[in-house]
Amino acid sequence: MSELGMFFGLLGAATAVLLAGAGSALGVGIAGRAAAGVVTEDPSKFAQVLLLQLLPGTQGIYGLLVGFITLSKIGLLGGGDVSISLSTGLMIFAACLPIAVVGLISGKSQGQCSAASIGIVAKRPESFGQAMLFPAMVETYAILALLISILAVSNIPV
Amino acid sequence: MASDWSYTYAVARIRVLETRLLTNNDVSAMTALKSADAVVTFLKDKGWGDSSDGNEPERIFALEEQKTWALMKELGVDFSVFDVLSLPNIYHNLKAGVKEVCTSSSNEKAFFADDRFGRENMLKILSEKDWTALPAHMRKAAEEALENMLHTRDGQLSDVIVDRACLDAIEAAGRASRDDVIRDYAGSQVAVTDIKIAVRAAKTRKSLDFLLRALAPCSSFDVKALAQAAFQGEDSLLDFLSSSGFREAAEALKVSPSVFERWCDNRMIETIRPQKYETASVGPLVAYLLARENEIKTARIIITGKINGLTDEAIRERTREMYV
Chain A
3 MSELGMFFGL LGAATAVLLA GAGSALGVGI AGRAAAGVVT EDPSKFAQVL LLQLLPGTQG
63 IYGLLVGFIT LSKIGLLGGG DVSISLSTGL MIFAACLPIA VVGLISGKSQ GQCSAASIGI
123 VAKRPESFGQ AMLFPAMVET YAILALLISI LAVSNIPV
Chain B
1302 MASDWSYTYA VARIRVLETR LLTNNDVSAM TALKSADAVV TFLKDKGWGD SSDGNEPERI
1362 FALEEQKTWA LMKELGVDFS VFDVLSLPNI YHNLKAGVKE VCTSSSNEKA FFADDRFGRE
1422 NMLKILSEKD WTALPAHMRK AAEEALENML HTRDGQLSDV IVDRACLDAI EAAGRASRDD
1482 VIRDYAGSQV AVTDIKIAVR AAKTRKSLDF LLRALAPCSS FDVKALAQAA FQGEDSLLDF
1542 LSSSGFREAA EALKVSPSVF ERWCDNRMIE TIRPQKYETA SVGPLVAYLL ARENEIKTAR
1602 IIITGKINGL TDEAIRERTR EMYV
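As they're listed, the protein sequences go chains A and B.
160 is the number that the working numbering gives the last residue of the first sequence; the numbers go up by one with no jumps.
1625 is the number that the working numbering gives the last residue of the second sequence; the numbers go up by one with no jumps.
Same shape as in the complex, but just chain B (with noise of 0.2 Å):
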């Protein structure tokens, strides 16, 4: 993409505050800490939170990515170069909205919190049926997902309706994109989603039908033949993996699942690495923002695994590469 010097206030702020992201020594550090308490005394530390609280790790971490957001309004960026990255979460409070209209139990923590599909108003669109208030990308799986679920009541054939069109939504996005951290996250998480899809259609021997259903197109590889493979089994998926340019996949499918989940994250973290060097585009924003939601991610791992009792080898077998 073309220079785009408009970002050039914007990039040099975020380069001061990637000076302030956690690191891998952090993490490490973190991890070898004795309990939960500690590991959030540190991110305290850090500047993580504020007064309101209360040391509590869940509200602690949402503070943050209200920070990070806030910090992105204050930029005067356009925010819909963001969309794409917003695209999971509306999707996925498409299906919980999905689930709660047809079963009418209520459960707000399963939504994520949004200005325009938040839970309130996506409630109100699929109880009116009013596809119009949704993107256009969305409306079609919107209708799908509610009549498959008032009719059949099979939850998992509706979420894998909402989940293909959100995959078939950040590709579609990345494509239409001028920026290329853009294409290539939306490259990354198609592909690597396809293959989260197929590892666990392998597991719990789906039919091929589900698979071709459930896997979006992409450019990394063949869906068909990933569908195909997924479908003879997981030695199968191995090898197709292996001779696709995920050799790394599969090797981390081989250690574990834990391992595997690791692999994604770490993959687009190398996606957005190349920011780091970028000057006048809206590049290292974006990757400003994956990079505070994947130490999030993994403050996270490491205070559940404290919690749980995990020990520091599992705890660090399951924590991310950082992007600084």
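Excised from the complex, chain A in its bound form (with noise of 0.2 Å):
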């Protein structure tokens, strides 16, 4: 029983990583694709463009910090010999579950925004500082997942 409850608590960790990461990987691509479109036409533009991209890579970074404290909690990272049983397992995987989903859904949610936002910039550079607000409002959300997600993991019982 206690290696399906590692087992859930090892896929909670997988998932977090994964999914976050995935949504990041998209977000960034999008955002990418519009910021080699604008740099192609005015290279001036390049570090504005430049960090909105880089706005949807933070879910993959919350989905590492959580897979991190998942890994600790389970005991796979120094931890030392930890029983998770299998009701443990489940809970660990369902408290991983809101960074996964909203990490890889707001991911891509921001990339598409922030492609958006770099329309703006190449039209608009004076109007970078509100550009950046609009792809920053879908972070919101993905922290709040990282909350619940940090907060639930941490204080699982093991």
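Take these hints with a grain of salt, some might be off.
Here are the simulated lysine-lysine pairs, BS3-like style, with alpha carbons at most 30 Å apart [as the list claims (entries may be wrong)]:
#: 1; chain 1: A; residue 1: K125; chain 2: B; residue 2: K1368
#: 2; chain 1: B; residue 1: K1504; chain 2: B; residue 2: K1525
#: 3; chain 1: A; residue 1: K125; chain 2: B; residue 2: K1577
#: 4; chain 1: B; residue 1: K1497; chain 2: B; residue 2: K1555
#: 5; chain 1: B; residue 1: K1441; chain 2: B; residue 2: K1368
#: 6; chain 1: B; residue 1: K1374; chain 2: B; residue 2: K1345
#: 7; chain 1: B; residue 1: K1555; chain 2: B; residue 2: K1525
#: 8; chain 1: A; residue 1: K47; chain 2: B; residue 2: K1577
#: 9; chain 1: A; residue 1: K125; chain 2: B; residue 2: K1347
#: 10; chain 1: B; residue 1: K1400; chain 2: B; residue 2: K1497
#: 11; chain 1: A; residue 1: K125; chain 2: B; residue 2: K1374
#: 12; chain 1: B; residue 1: K1347; chain 2: A; residue 2: K47
#: 13; chain 1: B; residue 1: K1430; chain 2: B; residue 2: K1504
#: 14; chain 1: B; residue 1: K1430; chain 2: B; residue 2: K1400
#: 15; chain 1: B; residue 1: K1335; chain 2: B; residue 2: K1345
#: 16; chain 1: B; residue 1: K1525; chain 2: B; residue 2: K1507
#: 17; chain 1: B; residue 1: K1410; chain 2: B; residue 2: K1347
#: 18; chain 1: B; residue 1: K1504; chain 2: B; residue 2: K1410
#: 19; chain 1: B; residue 1: K1374; chain 2: A; residue 2: K47
#: 20; chain 1: B; residue 1: K1425; chain 2: B; residue 2: K1374
#: 21; chain 1: B; residue 1: K1504; chain 2: B; residue 2: K1368
#: 22; chain 1: B; residue 1: K1345; chain 2: A; residue 2: K47
#: 23; chain 1: B; residue 1: K1347; chain 2: B; residue 2: K1368
#: 24; chain 1: A; residue 1: K125; chain 2: B; residue 2: K1598
#: 25; chain 1: B; residue 1: K1368; chain 2: A; residue 2: K47
#: 26; chain 1: B; residue 1: K1374; chain 2: B; residue 2: K1577
#: 27; chain 1: B; residue 1: K1400; chain 2: B; residue 2: K1410
#: 28; chain 1: B; residue 1: K1345; chain 2: A; residue 2: K125
#: 29; chain 1: B; residue 1: K1598; chain 2: B; residue 2: K1497
#: 30; chain 1: B; residue 1: K1410; chain 2: B; residue 2: K1598
#: 31; chain 1: B; residue 1: K1430; chain 2: B; residue 2: K1410
#: 32; chain 1: B; residue 1: K1368; chain 2: B; residue 2: K1410
#: 33; chain 1: B; residue 1: K1441; chain 2: B; residue 2: K1497
Residues from chain B shown here face chain A by an in silico Cβ test under 7 Å; the list is partial [stated by the list, open to error]:
#: 34; residue: T1309
#: 35; residue: Y1310
#: 36; residue: A1313
#: 37; residue: R1314
#: 38; residue: R1316
#: 39; residue: V1317
#: 40; residue: T1320
Read the hints as simulated data drawn from the structure, not as lab findings.
All of these numbers come straight from a predicted model, not from anything done at the bench.
All residues carry an ideal CB built from backbone N, CA and C; glycine is no exception.
Build the complex: two chains, separate frames, hints provided.
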């Protein structure tokens, strides 16, 4: 039974890293295409569009953070022998889901929003600050999911 | 239409290039310049043409068109989405080809450059009557127009046959397209062309049969009612337009034919204007192509006006609204 608990704990960590990372990869990819389009015509905007491209990259970092905490929790990162029951493993898995799912969706959405904001910078570089705000709004929900995942994983008794 | 993020790179490039399009202020500034040479210099300062153009306006315009299409090729988008935009040109080449084949008078300048249906290919197809070499929507009209020209020498009827087929093809392409911008463009193009035909027919008192043959069905109004109104005369036509949601067209017609032409082009720009806010579709690319055509047309109007000594006011009456 404890092996199954460990499996679900590990599955939670893997899901958080995998889905949130995939969301970031999609988002950074979409924004990157837009950034490349702008820089092709106007290389002077490289720094501005690079910042906008990087915004959707945070979900992957959040997923990685939750993954580390989870691995530590289940004893795979220098925690010694930890026995994880099936129910605890399932709880850890459930705790990882917020950042996994929200990370995937918000990463991609933020990339799309960043691409649109890169369009603003392309036409009005002076509106860079405002352009940053639109994709930053999407970040709010990734942070909320991160908080819940960290709180939940940290407070599950092992 | 659902978003298509594969256009993200292309749209971002277009956003930068839109900042280099002529604005309404630029058009006003060009109109206020003293001579055609000054307008050419203004355009050269904006990056138009190249070192080989010899400050020749038509050469500059041709180069600008080439640059636009070269950009579209570079963006690597599926060119079939632009087919609807090339329909008027290839149908024009068909008309020019029919005339050249039947009258044996050569006029190279009457043809638009086109990779598939330029002068040489079109003349070959028409001479050999190889209708299968033409797109399906063109074959019947080409055969009918050529036969009519050979037997009756009625160039106007041949033109009507080809023009009607062109409008039907644009309408069908719009209906088949999954891109909103193509649908809107096609709908607007057919409606505006129908109105132009009706106006000319009303002025020259054409028969109802002629009108029904020339006008293509469109979603904006009942073409039979439009034909009937044009047949009854200009006043009746103006009333019809006013009551069919084309009050501005009627108002423009009351002022002058050039103001009406301006309204026609401005309506097209209004149709594509929402594409300025589109991020993930082919719409901004199509809109950019049309905007480039519009600014080239406007620059040509200004230069022609200056060469012919038109007043600034007369030129201003003819200049189009810009996209940006």
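Hints, one by one, checked against the model:
1. A:K125 <-> B:K1368: 21 Å, holds
2. B:K1504 <-> B:K1525: Given pair K1504 (chain B), K1525 (chain B) holds - Cα atoms ~18 Å apart, limit 30 Å.
3. A:K125 <-> B:K1577: 11 Å, holds
4. B:K1497 <-> B:K1555: 14 Å, holds
5. B:K1441 <-> B:K1368: 34 Å, violated
6. B:K1374 <-> B:K1345: 24 Å, holds
7. B:K1555 <-> B:K1525: 23 Å, holds
8. A:K47 <-> B:K1577: 20 Å, holds
9. A:K125 <-> B:K1347: 17 Å, holds
10. B:K1400 <-> B:K1497: 23 Å, holds
11. A:K125 <-> B:K1374: Holds. K125 (chain A) to K1374 (chain B) sits at ~23 Å (cutoff 30 Å).
12. B:K1347 <-> A:K47: Measuring from Cα to Cα gives roughly 21 Å; hence the hint holds.
13. B:K1430 <-> B:K1504: Given that 30 Å is the threshold and the Cα spacing comes to 36 Å, the pair is violated.
14. B:K1430 <-> B:K1400: 14 Å, holds
15. B:K1335 <-> B:K1345: Roughly 16 Å between the alpha carbons, so the hint for K1335 (chain B) and K1345 (chain B) holds.
16. B:K1525 <-> B:K1507: 14 Å, holds
17. B:K1410 <-> B:K1347: 28 Å, holds
18. B:K1504 <-> B:K1410: Holds, because 29 Å separates the two Cα atoms, which is no more than 30 Å.
19. B:K1374 <-> A:K47: Holds: K1374 (chain B) and K47 (chain A) sit about 24 Å apart, inside 30 Å.
20. B:K1425 <-> B:K1374: At roughly 27 Å apart (the allowed maximum being 30 Å), K1374 (chain B) and K1425 (chain B) satisfy the hint.
21. B:K1504 <-> B:K1368: 39 Å, violated
22. B:K1345 <-> A:K47: 25 Å, holds
23. B:K1347 <-> B:K1368: 14 Å, holds
24. A:K125 <-> B:K1598: Distance of about 24 Å is within 30 Å: holds.
25. B:K1368 <-> A:K47: Roughly 23 Å between the alpha carbons, so the hint for K1368 (chain B) and K47 (chain A) holds.
26. B:K1374 <-> B:K1577: 21 Å, holds
27. B:K1400 <-> B:K1410: 13 Å, holds
28. B:K1345 <-> A:K125: Between K1345 (chain B) and K125 (chain A) the Cα gap is close to 22 Å, so the pair holds against 30 Å.
29. B:K1598 <-> B:K1497: 18 Å, holds
30. B:K1410 <-> B:K1598: 17 Å, holds
31. B:K1430 <-> B:K1410: 23 Å, holds
32. B:K1368 <-> B:K1410: Distance ~20 Å between K1368 (chain B) and K1410 (chain B) Cα, so the pair holds.
33. B:K1441 <-> B:K1497: Holds, at about 24 Å.
34. T1309: 4 Å, holds
35. Y1310: Constraint on Y1310 (chain B) satisfied, holds at 4 Å.
36. A1313: Where the cut-off is 7 Å and the nearest Cβ of chain A is about 3 Å from A1313 (chain B), the hint holds.
37. R1314: Given a least distance of 4 Å, the restraint on R1314 (chain B) holds.
38. R1316: With a closest approach of 4 Å, the R1316 (chain B) hint holds.
39. V1317: 4 Å, holds
40. T1320: 6 Å, holds
Checked against the numbered hints listed earlier, the structure breaks hints 5, 13 and 21; every other hint is satisfied.
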